[in-house]
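For the record, the sequence lines run as chains A and B. Residue numbering for the first sequence is 13 to 294, as defined by my numbering. Residue numbering for the second sequence is 62 to 404, as defined by my numbering.
Hints may be right or wrong, so weigh each one.
[What the hints assert, rightly or not] Only pairs whose alpha carbons sit at most 30 Å apart, straight line, appear in this in silico BS3-like list of lysine-lysine:
(1) A:Lys-68 x B:Lys-139
(2) B:Lys-276 x B:Lys-170
(3) A:Lys-68 x B:Lys-137
[Stated by the list, open to error] A few chain B positions that, by computed beta-carbon distances, are all more than 10 Å from chain A:
(4) Gln-83
(5) Ile-144
(6) Asp-314
(7) Arg-326
[What the hints assert, rightly or not] From chain B, some residues computed to sit far from chain A (all C-beta separations above 10 Å):
(8) Ala-75
(9) Pro-179
(10) Asn-199
(11) Asp-292
(12) Glu-295
(13) Leu-315
(14) Ser-364
(15) Met-372
In case anyone wonders, no lab produced these hints; they're calculated from the structure. For each residue, glycine too, the CB sits at the ideal point set by N, CA and C.
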Amino acid sequence: MMENPYVPFLMRVEEILAETDDDNIKTFELSFVGKADEERFVYTPGQFAEISVFGKGEAPFGMASTPTSPGRLAFSVSKIGVVTGELHRMEKGDVVGVRGPLGNGYPLESFKGTNLVLVGGGFGFSTLRSLTNFILHDSNRKDYGELSVIYGARRPGLLLYKKDLEIWRERGDLRLHLTVDKSENGWQGHVGFVPDVARSVAPNPRNAYAVVCGPPAMIQFTLPVLKDLGFGHENIFLSLEMRMKCGIGKCGRCNVGSKYICSDGPVFSQQELSHLTTEAHG
Amino acid sequence: MSSPSKILKKDRLASFLERLLQERQVFAPVRKGEVILIREIDSPSQAVLEYRNAKESPKSVLFPQRETLFRYRAEKGKAEVDIPSGREQGRVVFGIRPCDARGLLLLDKVFGGDCRDPYYADKRANTVVVSLGCANPNPACFCLSMGGGPCSAEGSDLLLLDVGDRYVAEAGSEKGTALLEDEAFEKVDEETVALAEKVKRESKASMKPVALKEKLEEQLERLFNDPVWKDLTESCLGCGICTYLCPTCHCFDLCDEAAGTTGERIRVWDSCQFPLFTQQASGFNPRPTVKERFRQRIMHKFSYLPETQAMPGCVGCGRCVTECPVNLDIREVVTSLSEGNAR
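Please build the complete structure, drawing on both the sequences and the hints.
Structural data, given as structure tokens:
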């Protein structure tokens, strides 16, 4: 962590990729302007950063990139508010501020030697992409068991990271289950909701962890399915979202019960969450 | 009484403050129109020490309502960030009430911890807190029920107790002991000590305790989804005055103030009582009504903070009781929740 946790360092926009056919989600690849910042930015999948557009403010985004591809960070940004709107107007070469890495990230040490089921929906898939690519990296793959990825979007045009999905589909060491709520444009794949796909795929809970990240409704209906399949509360991890400002557990807004999503999370086991009083997950 | 004590005669107070003013910024209760506020003074005569409590808490001395975190210059393809120098002048917060001094301890925990907040911490490190014990607590005060007391020295570097023509000054820290070196302080005598003990006893005895359940934090967790909250919050307007006046409320917002290509990232007070506090860009709000927002305030103060910081987010100063436009009394709320059912 930097000495003054409120002051961003600078990053330059290197690539901008339109992810969805409605142009609402773009992935920004950023490079570090300062070498020291690059060295300081040591992160794990599941962590996030606050991106500053100077003059507009900050917003938090999970890293969609993985530490196995050093030198750059990727963030997928849905155009929805003031900061994200401004980000979407940015061009190659523009400079933004970044604070981070923030939050706890996925518990990679616990995951080692186990089978993993990653369940993602919509825009919440960005840190699961990071986790997937991390595990698939040559230097890490042997440390983890079977990997299943269940990923759904409302329709095919809204699936993110299509290049990655192609690569993953070709690999023999990953089971990819894509689904859409509604078919279009000759979609050949599965049509159905993520929780139903999880039920039919029926991953074996033995020596396995499930990681769930997506919209509240998807989480709400996926958790009972995992429970039915035999996943215990301690073997299910969720990445939560809430409005955030400081990202370091001071500003007081992103708590679920006594925990701050920004500094105690964003990743929690269902076991931890079951002890928390909370308005809404997701 | 083990802490070092001395006497400060009231006719020597001005000279003491004068010497403090030569080296540091001094913040003290001052009269502004009808009310007393804690403000920086430049002359001892501005300090008003015959008062019950200031309208606002002194938190703004260390956690200003608006504070610049950094300045930036951003143009197409480049940006610069300029951090204000961290050198903070020494400060004395003089004559605040023991509840407010204790409130600073909670802010210390929040802005300290694993991730130190340099803006708060740099000011705090150079701050000496001199509090003034309460001989006549307000009817709305309930510090005693929150673990403090009208003459509690907790959080004070120096505690002054008014015993007529003089104060007894008790040091609660090394910073406080250092202040006692000033020539204005005299050796304490037994008679004065006895007077001070009497003030302590009597002010304590004058306070009505609030009926709180043991382990209130656990009770509150059990009641999280209870219909009682709806009842309790029916009259709340969501104005947020309770949070602004509270000595321990510390929620803030970060925003940019831009003027062309330059601007500032500022920190401003915010309130959990406002709907936008948790409203997400998508429009979804996990705390959509006054009920959830009010519950968050109570839970944060009496359940979450006791769990995470080993201290409630309430020191019993009574400001929220006095200033609430609909007389929503936090003492009645926690009593009612302690009883565990709707009225």
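Original post:
When the hints from earlier in the document are held up against this structure, which numbers fail?
Top reply: The structure conflicts with hints 5, 6, 7, 9, 13 and 14, although it agrees with all the remaining ones.
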